[in-house]
Amino acid sequence: MKPISKETFTRFQSLLALVVMVVALSFASEQFLTVPNLRNILLQISVNLCLSIGMTLIILTGGINLSVGAILGLSGAVAAGLLKNGLALKFAGVQMQFTPLGAIFAGICVGLALGWFNGMGITRFKLPPFVATLGMLSIGRGLTMLWTNGFPVTALGSKFGFIGAGFWLGVPTAIWISAALVALFYFISIHTTLGRYIYAVGGSEKAAAFARLNVNNIKVWVYTLGGGLAAVAGLILTARLDAADPKAGLGYELDSIAAVVIGGTSLSGGRGSILGTVLGCLIIGVLNNGLVLMEVSPFWQQVIKGFVILAAVAMDKLGSKTE
Amino acid sequence: MRWSGWLIAVAVVASLCWLFPLFHIVPLERAAKEKAAATFDPKAFAEKFWGEQLLTSLDKAVKAEVLLPAIQSNAAEAKRKFSRSVGVSESYTYFISGKGRVMAVSDDEVSLAATEGATNVEISLQVGLLFSNAVRDGTGLLSVNDYPNSQDFNAISEALNRIIEERVLPKLRKTAKVGAMISFVGCAEVNDEFTDLKPLKVIPLKTEAK
Chain L
1 MKPISKETFT
11 RFQSLLALVV
21 MVVALSFASE
31 QFLTVPNLRN
41 ILLQISVNLC
51 LSIGMTLIIL
61 TGGINLSVGA
71 ILGLSGAVAA
81 GLLKNGLALK
91 FAGVQMQFTP
101 LGAIFAGICV
111 GLALGWFNGM
121 GITRFKLPPF
131 VATLGMLSIG
141 RGLTMLWTNG
151 FPVTALGSKF
161 GFIGAGFWLG
171 VPTAIWISAA
181 LVALFYFISI
191 HTTLGRYIYA
201 VGGSEKAAAF
211 ARLNVNNIKV
221 WVYTLGGGLA
231 AVAGLILTAR
241 LDAADPKAGL
251 GYELDSIAAV
261 VIGGTSLSGG
271 RGSILGTVLG
281 CLIIGVLNNG
291 LVLMEVSPFW
301 QQVIKGFVIL
311 AAVAMDKLGS
321 KTE
Chain V
1 MRWSGWLIAV
11 AVVASLCWLF
21 PLFHIVPLER
31 AAKEKAAATF
41 DPKAFAEKFW
51 GEQLLTSLDK
61 AVKAEVLLPA
71 IQSNAAEAKR
81 KFSRSVGVSE
91 SYTYFISGKG
101 RVMAVSDDEV
111 SLAATEGATN
121 VEISLQVGLL
131 FSNAVRDGTG
141 LLSVNDYPNS
151 QDFNAISEAL
161 NRIIEERVLP
171 KLRKTAKVGA
181 MISFVGCAEV
191 NDEFTDLKPL
201 KVIPLKTEAK
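If you read the sequences in order, they're chains L and V.
Quick note on the working numbering: the first sequence kicks off at 1 and runs consecutively.
Quick note on the working numbering: the second sequence kicks off at 1 and runs consecutively.
Hints in this document: simulated from the structure, not taken from any laboratory.
Keep in mind it's a predicted model, so treat the numbers as computed, not measured.
Keep in mind that a hint or two might mislead.
Stated by the list, open to error - DSS-like cross-link-like pairs, simulated, lysine-lysine; straight-line CA separation at most 30 Å:
hint	chain 1	residue 1	chain 2	residue 2
1	V	Lys79	L	Lys84
2	V	Lys35	L	Lys159
3	V	Lys60	V	Lys43
4	V	Lys210	V	Lys198
5	L	Lys90	V	Lys35
6	V	Lys35	L	Lys247
7	L	Lys159	V	Lys33
8	V	Lys43	V	Lys33
As the list claims (entries may be wrong) - Chain V is nowhere near these chain L residues, computed Cβ spacing over 12 Å in every case:
hint	residue
9	Ser29
10	Lys90
11	Gly135
12	Leu137
13	His191
14	Asp242
15	Leu293
16	Gln301
Glycine included, C-beta positions come from ideal geometry on N, C-alpha and C.
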């Protein structure tokens, strides 16, 4: 029998880790392998999945986005505020009363706009992605507080709530939305020119520029899409809670980066996949769920998650050296 | 060809916006009126609920001479038989009526012995500031499912407590003297069976000195 090569092991390490965790937790807790619990895990990861798809594209280009949590919070708050209170145009003596569809559209536009600003800052003003998105994190959080006056916007109605708390064919709508986004962006990353360009920019920016690719435009596109996906995550979360919390999404950027790295995407860019990120989200979701079921203290949960992320990055680095 | 493409795109977008509008434009005055009409007024609601539903349902309360011995002999069975709880909450409430002799009076409570021959305090009528959801939840007349906004539901509780503080408690404080007989109807919330059952802490809805 042929031994498993190092390359094969590296390729399937995330899947292997997930299988090991699922088997171990099935023995450790009777509740783990039940339909409601598995559905709950998928529902819990749907928000992180939307964030992480965008984060994967950004990290594939060699960048990073620390503002996804803030964009999530602001998009959700804007949509909720417009839906609940409308937009008064005092100079015209009228008010725009938004429908749920209008509020969703506005929330996504906010996400796309903030993502575009990130991209412009990084490409036109040559800001390091870490600094540009850290600035946007602060801007986004501040704007959310200004928009909401620091209070949650609640009671948004069942029509809006459908995207976060509704069901279709017995499956939560949030899972359908995130699954559709996975399929769409998997297709874009593998089968479209933009996808190939993203890998090319991440593999070697200089080589991509020599090949006459418009590197700046590709980066702006990627950050804009990342913003839009963070907005979708914000809308799902807001709809699920029936409230836009001004502090929503605090620290979500870390979970998102962790999912991408655990899923095998290299922090130096050019290597990784959307499907790997799905595995990374599942690993984090299963880990969170398992630690709760096993009644591990929330403080220890953070420590354990930290070690898992460190292990994933260390394996990525060791893998790169071997290559 | 290029222009016709743009025209088709604009027509499609316009049709979609007409079929699925993103927003409606209304005059500011009308919007303000609509908002005022849609805003829940917990004080007005509590006032109506107090007069039209709560005070007319006092006879549905469990008698103290039934409930107290039941709690004494088997608290779990008494909870199953007589209590109410909201959603998945672990706390529960009793709707209770009875009469008892005043054993002690303080700023926050009037202590009663409520069953035949009792010498210890069995009921503590709360006469200080009220914070509990006992009255809102205890009678079973209001359902949390009718209030999708939990803030509205909580505001009802607060408004009912204020009504009791203003209308019920001043009279009780005046008439409650040690040795006097007081009849009462009220609600009790049990969060911790070790501290809330002995004595049963009751928020009075109606009291009368005999």
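Here is what the structure says about each hint:
1. Distance hint between V:Lys79 and L:Lys84 is unfulfilled; the C-alpha atoms sit about 41 Å from each other, more than 30 Å.
2. A distance of roughly 19 Å separates the Cα atoms of V:Lys35 and L:Lys159; the hinted pair therefore holds under the 30 Å criterion.
3. Using a Cα cut-off of 30 Å, the hinted pair V:Lys60 and V:Lys43 holds, with the two alpha carbons roughly 24 Å apart.
4. Distance restraint check for V:Lys210 and V:Lys198: the Cα-Cα separation of roughly 24 Å lies within the 30 Å cut-off, and the hinted pair is therefore satisfied.
5. Our distance criterion of 30 Å between C-alpha atoms is met by L:Lys90 and V:Lys35, whose separation comes to about 16 Å.
6. At most 30 Å may separate the alpha-carbon atoms for a hinted pair to count; V:Lys35 and L:Lys247 meet this at roughly 26 Å.
7. Between the alpha carbons of L:Lys159 and V:Lys33 the distance comes to roughly 23 Å, so the proposed pair stays at or under 30 Å and holds.
8. Our distance criterion of 30 Å between C-alpha atoms is met by V:Lys43 and V:Lys33, whose separation comes to about 19 Å.
9. Interface exclusion of L:Ser29 from chain V stands, the closest Cβ pair being 21 Å apart, more than 12 Å.
10. Not every Cβ of chain V is farther than 12 Å from the Cβ of L:Lys90; the closest lies at roughly 7 Å, contradicting the non-interface assignment.
11. Separation of L:Gly135 from chain V is adequate, the least Cβ-Cβ distance of about 31 Å exceeding the 12 Å criterion.
12. Every CB of chain V is more than 12 Å from the CB of L:Leu137 (nearest about 29 Å), matching its label as outside the interface.
13. Every CB of chain V is more than 12 Å from the CB of L:His191 (nearest about 24 Å), matching its label as outside the interface.
14. Chain V draws L:Asp242 into its interface by the beta-carbon criterion, the shortest separation being 7 Å against a cut-off of 12 Å.
15. Distance check on L:Leu293: its Cβ is at least 18 Å (rounded) from any Cβ of chain V, clearing the 12 Å threshold; non-interface status holds.
16. Taking the minimum C-beta to C-beta distance to chain V, about 23 Å, the non-interface status of L:Gln301 holds against the 12 Å cut.
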